[in-house]
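If you're matching them up, the sequences are chains Y and B in order.
Numbers 1 to 461, taken from the numbering used here, label the letters of the first sequence in order.
Numbers 1 to 83, taken from the numbering used here, label the letters of the second sequence in order.
I should point out that these hints are in silico values taken from the structure, not numbers from a laboratory.
Please note: incorrect hints may appear among the correct ones.
[Claimed, not checked] Heads up, incomplete: computed chain Y residues facing chain B, CB under 7 angstroms, no partners named:
no.: 1; residue: 67
no.: 2; residue: 129
no.: 3; residue: 133
no.: 4; residue: 454
no.: 5; residue: 456
[What the hints assert, rightly or not] In silico DMTMM-like pairs for lysine to aspartate or glutamate, Cα to Cα no more than 25 angstroms straight-line:
no.: 6; chain 1: Y; residue 1: 65; chain 2: B; residue 2: 34
no.: 7; chain 1: Y; residue 1: 421; chain 2: Y; residue 2: 262
no.: 8; chain 1: Y; residue 1: 79; chain 2: B; residue 2: 16
no.: 9; chain 1: B; residue 1: 30; chain 2: Y; residue 2: 66
no.: 10; chain 1: Y; residue 1: 79; chain 2: B; residue 2: 22
no.: 11; chain 1: Y; residue 1: 79; chain 2: B; residue 2: 34
no.: 12; chain 1: Y; residue 1: 65; chain 2: B; residue 2: 39
no.: 13; chain 1: Y; residue 1: 79; chain 2: B; residue 2: 24
no.: 14; chain 1: Y; residue 1: 65; chain 2: B; residue 2: 22
no.: 15; chain 1: B; residue 1: 52; chain 2: Y; residue 2: 252
no.: 16; chain 1: Y; residue 1: 65; chain 2: B; residue 2: 12
no.: 17; chain 1: Y; residue 1: 421; chain 2: B; residue 2: 16
Where is the CB? At the ideal position from N, CA and C, for every residue including glycine.
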Amino acid sequence: MKIPFLIIGGGLSGLAAAIRFARFNPEVLILEKHHRIGGLNSYFFRNNQLFETGLHAITNYAAAKDRRAPLNRLLRQLKLSRDQFQFHQQIQSEIIFKGCASLSFSNDFAMIEEEIARKFPHCQDGFHRLVAFLHSFDPFTIAPFRSARQFLNRYIPDRLLVDMLLCPLMFYGSSIEEDMDLGQFAIMFRAIFLEGLFRPGGTVKDFLDVLLTHYRALGGSLRTGAEVSTILHTGGRIDGVVLATGETILCDCLLSTIGIEETLSLLGRPPLPQNSPRLGFVETIFQLQPALCPQLPEDRTIIFFNNSATFHYKKPDTAVDFTSGVICLPQNFAGLPPSTRQEIRSTHLASYDAWKELARDRHEYLAEKGKTADHSREVLSAITGDFSRAIVYHDTFTPLTIERYTAKKEGAIYGHPQKIKDGVLGCDNLFLAGTDQGFLGIIGSMLSGVSMVNQHMLARF
Amino acid sequence: MTREDIKTLILEIIQDIDDEADFDNLDPGKPLRDQLDLDSMDFLDIVMELRKRHQLQIPEADYPHLATLNSCVDYLEPLLKDA
Ligand SMILES: Cc1cc2nc3c(=O)[nH]c(=O)nc-3n(C[C@H](O)[C@H](O)[C@H](O)COP(=O)(O)OP(=O)(O)OC[C@H]3O[C@@H](n4cnc5c(N)ncnc54)[C@H](O)[C@@H]3O)c2cc1C
Chain Y
1 MKIPFLIIGG GLSGLAAAIR FARFNPEVLI LEKHHRIGGL NSYFFRNNQL FETGLHAITN
61 YAAAKDRRAP LNRLLRQLKL SRDQFQFHQQ IQSEIIFKGC ASLSFSNDFA MIEEEIARKF
121 PHCQDGFHRL VAFLHSFDPF TIAPFRSARQ FLNRYIPDRL LVDMLLCPLM FYGSSIEEDM
181 DLGQFAIMFR AIFLEGLFRP GGTVKDFLDV LLTHYRALGG SLRTGAEVST ILHTGGRIDG
241 VVLATGETIL CDCLLSTIGI EETLSLLGRP PLPQNSPRLG FVETIFQLQP ALCPQLPEDR
301 TIIFFNNSAT FHYKKPDTAV DFTSGVICLP QNFAGLPPST RQEIRSTHLA SYDAWKELAR
361 DRHEYLAEKG KTADHSREVL SAITGDFSRA IVYHDTFTPL TIERYTAKKE GAIYGHPQKI
421 KDGVLGCDNL FLAGTDQGFL GIIGSMLSGV SMVNQHMLAR F
Chain B
1 MTREDIKTLI LEIIQDIDDE ADFDNLDPGK PLRDQLDLDS MDFLDIVMEL RKRHQLQIPE
61 ADYPHLATLN SCVDYLEPLL KDA
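With the rest of the complex left out, here is chain B (with noise of 0.2 angstroms):
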């Protein structure tokens, strides 16, 4: 996957988790928990999508780099370079 692939493949997963929200002025550098009021709850569902859509494993010690869009892309990069 290219980052662009993963950039849409997360906002996908969020958008499936709120149908309501707003990319519009989204910040890639800013926290997306504060962006888009995205709870523990809802990050877990992330992590649980990834897992069922592309069997990736991520550990709870690097849940924190799924906080903004462009850690999320950074950490995902090389887990998702074959899919």
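The shape of chain Y in the complex, shown without the other chains (with noise of 0.2 angstroms):
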């Protein structure tokens, strides 16, 4: 069997790679290791119920109207339409840093505006030039990295609304330890407070099946439970890859997802040098029981949280950080019918080395678990009032859990620190999509994998 155009890994970005091919020609294949699709973007059943796994709001929101809005190109390219899915704006989401200050931000960028100009007079003019050198940058012009933090000291001249910037931006968007590159931090900050937050109605399940549907009417196909465990090439072409159950699979060209340091590894080749960890994550679901929940923030979609006196985003030396993280209340989506179920998220950075450790001993692993459940249940609830008494389930991810379930080495949500931003790897007919090619979340990955498709392989058939 030849396929002309092969992807490995079934998350969004080599979904929407593959529907934008497939639209011009349905000779593609998706090889996705999970008996699921959707990657980091997911969803399992518990109790005969369905919980999301990688979904707290989408990025990017914009009005059909806008044309150029990234959002509204993806649909294009895949040839989607917005009424096939039902957006649902968030309501209004806040930074708090406990002690300090707080910002609130919505879809109107009006308001964050108002808010510096009230509680960071200082900076209202520094702030000002900052959105206005960033509608006149281009992001996508690859560079080396620029440091976003020191770039952000020369117009805000104050350290906390720095820091309080940065924390949204790095907790959904930041590979890299303290600080982000000056491109991903501009990408963030359109695709966060510019433009703003959503979700789609129904579940992920919902979103997934429609891009699947879609895909398939194409005629475009997918295998799970393919997992990939060799790339065969001679002589710098890809000739195509081998499954773990040893069947050979040959392609013309073929897209990884899976991560840069993974897709070498499956070539034989050496890891790249790495200079700063991974990130790893533990995020914890709260299923609540609306009758006995107590009054719960009906205003506030995202919290982005730091209690401590400076904000640290990088790998902990415990297992969990619990100073600083983000809460999702997935309710608070403007014109989501009512529902029995509610539901509280939260997510904090995590150490995957101590986990790993833990995990030595099963009990001992587990027991931690029930801990971070507990402790970020005490943090969430000094925030948005006590919940305990509603809590009818709970479930907690572990950088070990993402890693087993998306084969993301380290559980690193966000991939490698360093990344290819051409998704160039030597080889004439091997491309890197997805997470490691630098665009990060759901928008981010979807047209990571559209553009590595325009660019690499729609002239070669």
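Take each chain as given, in its own frame, and dock them per the hints.
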């Protein structure tokens, strides 16, 4: 069997790449290791109920008429109509630095501008100049690493505001510690502050089903439970792949969405030098019984918080860093139908190594998971009000859980600290898309898949 | 294909990319990009549709010929004369 275009990974970047290609040529096959598509952004069932794994909010909200916005471009490129999804915008989100300040923001940029004018009047001019700069800046021109923090210091004369602006952008899209690349900062600033947050109606399964149905209707193929164990190559050209079952599949062109190091290892090549650690996270989902629920905030969708004197975005020395994190209240998107279920979710930075160590003893690992949920609940309760009595079910994913289900090395959601921005891996017919190409999040990873196909695949067939 | 057919073909492809595209005031001598708010990704779609429908391989160096409706027709007329 020889397939013109083969894709490793049925996450969002692989699905988007596959749909883009299938629009013009149905001879494309996705190989997905897991028995389900979606990758980091998927779902699982417990107690006969569906839980989403990787969706707090989708970034880059745009109105339908804004044709140039990344969201609308993406839909056009995939030939998906907005009517196939229902988009629900965030109500309002907040950045809370305990004892210092809070900033609210929504999909109307004026809100954060007013908040900054009121709470950081001495930074108002600088903030406007920063926004003006970002409007004229092209973050997609490939350039060496530039420190966003140093850049921000030139515009904003207050460390607290710099940290408060970086906090959500880092949690939703930085693979490196304590800083961001300027280009990535500009992408995330636009994605979160200038455009904003939303979610599709229904569950993430409905969202994935729309993509898969569309892909199948275009004639594309998918195999789940198909783990690639080797990439075959001779003299700088890829010949195909071998699956864990021993089956060989030949191809003309290969797109890997599984990460740079993961791909190099399938090629039998040494890993890249790495001078900063991968970042791990723990995520806890608390399912609540609405009848027992105290008054949780109804006007906050996402809360980014920091409780320590200085904000640190780095791999913790302990299993979990509870001093900062993200809280998601998934009911609080505008126009969602009333539900009998209520959830609250938390994310904190975590150490893969610490969890790996704990996992040597299954009991200790499970006990630590339980303690993590308890501790996280206490931290959240101080911000949202106590919801302990209303919890009917909870589950915690550690970096090990994420590694097990998505094969992402060290469970690092945002992948390798360094990114391969052009997607080129030194072979004429192999390219990288998704997380390690440098586009993070749901919209980012999908655009990554589309742009790699546009740049490298379409002209070949 | 006649020049008129080619014009219809191009507009049909654009309509397919953007079903709200408004051709009423389209000036065939002015850039499509500005009048219909098309970006480079949309132009790639036009090229790909021409390939899919008429097996035309348009090299990237020739993309500027697709700038206006008139220049599209001039460029495509010899290529589609037997279509
Ligand atoms: C808890 C959590 C919360 C998140 N919250 C948000 C959010 O609110 N908003 C947002 O925009 N983003 C969020 N994200 C991030 C978002 O989900 C990811 O950035 C995006 O889905 C990445 O897609 P990808 O295709 O690059 O990678 P992946 O999803 O990792 O896709 C790679 C796929 O390849 C498969 N694979 C790996 N190895 C092999 C192999 N050898 N053979 C075959 N298949 C293989 C994997 O199983 C996987 O399906 C969150 C993620 C998590 C985990």
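Looking at the structure, which of the earlier hints fail to hold? Failing hints, ascending: 2, 3, 5, 17.
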